[in-house]
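Our numbering applies: residue 1 is where the sequence shown begins, and numbers increase by one.
I should point out that these hints are in silico values taken from the structure, not numbers from a laboratory. There's no promise every hint is true.
[Stated by the list, open to error] In silico lysine to any residue, SDA-like type, Cα no more than 20 Å apart, as pairs:
#, residue 1, residue 2
1, Lys228, Ala216
2, Lys228, Val104
3, Lys228, Phe212
4, Lys228, Pro339
5, Lys228, Pro422
6, Lys228, His217
7, Lys228, Ala100
8, Lys228, Leu103
9, Lys228, Ile244
10, Lys228, Asp87
11, Lys228, Val218
12, Lys228, Val394
13, Lys228, Ala206
Here the structure is a predicted model, which is why all the values come from computation and not from measurement.
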Amino acid sequence: MQERATLMTEGSVWRHIVQFALPVFWGNLFQQLYNVVDSLVVGNFLGSDALAAVGSSSHLIFLMVGLFSGIFTGASVVISRYYGARDDAGVQMAVHTTVAFGLVAGVITTIAGVLLTPRLLVWMGTPESVLPNSILYFRIYFYGVIFVILYNTAAGIFQAVGDSRHPLYYLIVSSVVNVVLDLLFVAGFGMGVDGAALATVISQAASAVLGFWRLAHVTGSYRVWFRKVRFHARTLRQLLTLGIPSGIQNSIIAIANVVVQSSINLYGAMAMAGCGSYSKIEGFGFLPINSFALALATFIGQNLGAREYDRARRGARFGILCCLIMSEVVGVAINLLAPWLISLFNSDPQVIAFGTLQARTVTLFYFLLAFSHSVAGVMRGAGRAVVPMLVMLVCWCVIRVSYIMLVARAAGDIQMVFWAYPITWALSSVAFLVYFVRGDWTHYLEKKEAAA
């Protein structure tokens, strides 16, 4: 008897989307909490310079892993379409090709991260007082980055077949391990940022091992047989065709955000610490956005694979609306609580001032970010990954970097740097709205396959 996770092609539209999105939400929440714990422990036990070293990490890490994370998004769409069509042989080929790609990607990212970290940090204008700790933290992190990629590989397979519960369980375990080890290594053993990085690596290894243990023991078509892990040419082409645009999109967004971070670095370690603290809080604003974007990509992929076009359109409208409402509620809460939230990381008035200023500049515009990401999720599920890539290339990279270089730096006011985000979110939202309303995204892959 084969085990089927969740077919989203039957039953209530809203229930499938919400039941998928909620475990992703809680999983991302636990993941965000253990990211925050790193900064809380470092900021309170090691001081502002160490907090700056850890707090500015997210953009650089995303720059290094974003390309492969985007490709895994494409892999998830491929798996979900085969799964929705009940093509078990196709699911098997897609799963084993995805795992093979994850292993190769993990090795490449480890080597690149360890070798390039010092150069990238210098290029970002990291202050001399922060640089040694930054290099130490990032190098330890990248020695274990293969576990991050393998966990994302496993989670992508689960999510493609509608199972968002097991990734949640593994992230809860990972979060608890991280919190305990953070306190043990930094507060108990007196280690520095190396202790925080080591705790993160070990906790990520735990989630990857749990994910693959489950995949090796399920009885459904998405089971992983390690002896079958290899590249299948046709499936790899599909994976790359759908995934490379998403990977490029992630990379260009990361590059643009690294430029923004380099502009923040010009204002010194206090600005880095304050904005780094805000970036950890901002992660909570991304929780509903990531959850519904993933739910939409899986729902759309399965239903278009089953040729349920009207159902796909109804799901898209419902998911986008939920994403907008939930993200704005979180944004308003962060806006109101910003000074207190930043003070949890560090009590220095300058750190609090910088973090609060950034929060109150951008948080009320989270609905724009939500709309862009949720429509991008719909487009990926429909096989139109090039559309969000092009929109975000223009709006979130070219325009954002141009604004930083020509306007923000010339103004000499850090708040002008922060405005780069709402401005470019608004532009991308307009572009996505036009395409979503006017574009024939539901039949794209069907027409492409007929023409092949």
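Do the hints match the structure? See the list:
no., hint, in the structure
1, Lys228 <-> Ala216, "holds, 11 Å"
2, Lys228 <-> Val104, "holds, 15 Å"
3, Lys228 <-> Phe212, "holds, 14 Å"
4, Lys228 <-> Pro339, "violated, 53 Å"
5, Lys228 <-> Pro422, "violated, 46 Å"
6, Lys228 <-> His217, "holds, 14 Å"
7, Lys228 <-> Ala100, "holds, 9 Å"
8, Lys228 <-> Leu103, "holds, 14 Å"
9, Lys228 <-> Ile244, "violated, 24 Å"
10, Lys228 <-> Asp87, "holds, 18 Å"
11, Lys228 <-> Val218, "holds, 15 Å"
12, Lys228 <-> Val394, "violated, 40 Å"
13, Lys228 <-> Ala206, "violated, 23 Å"
Consistency note: the structure conflicts with the earlier hints numbered 4, 5, 9, 12, 13.
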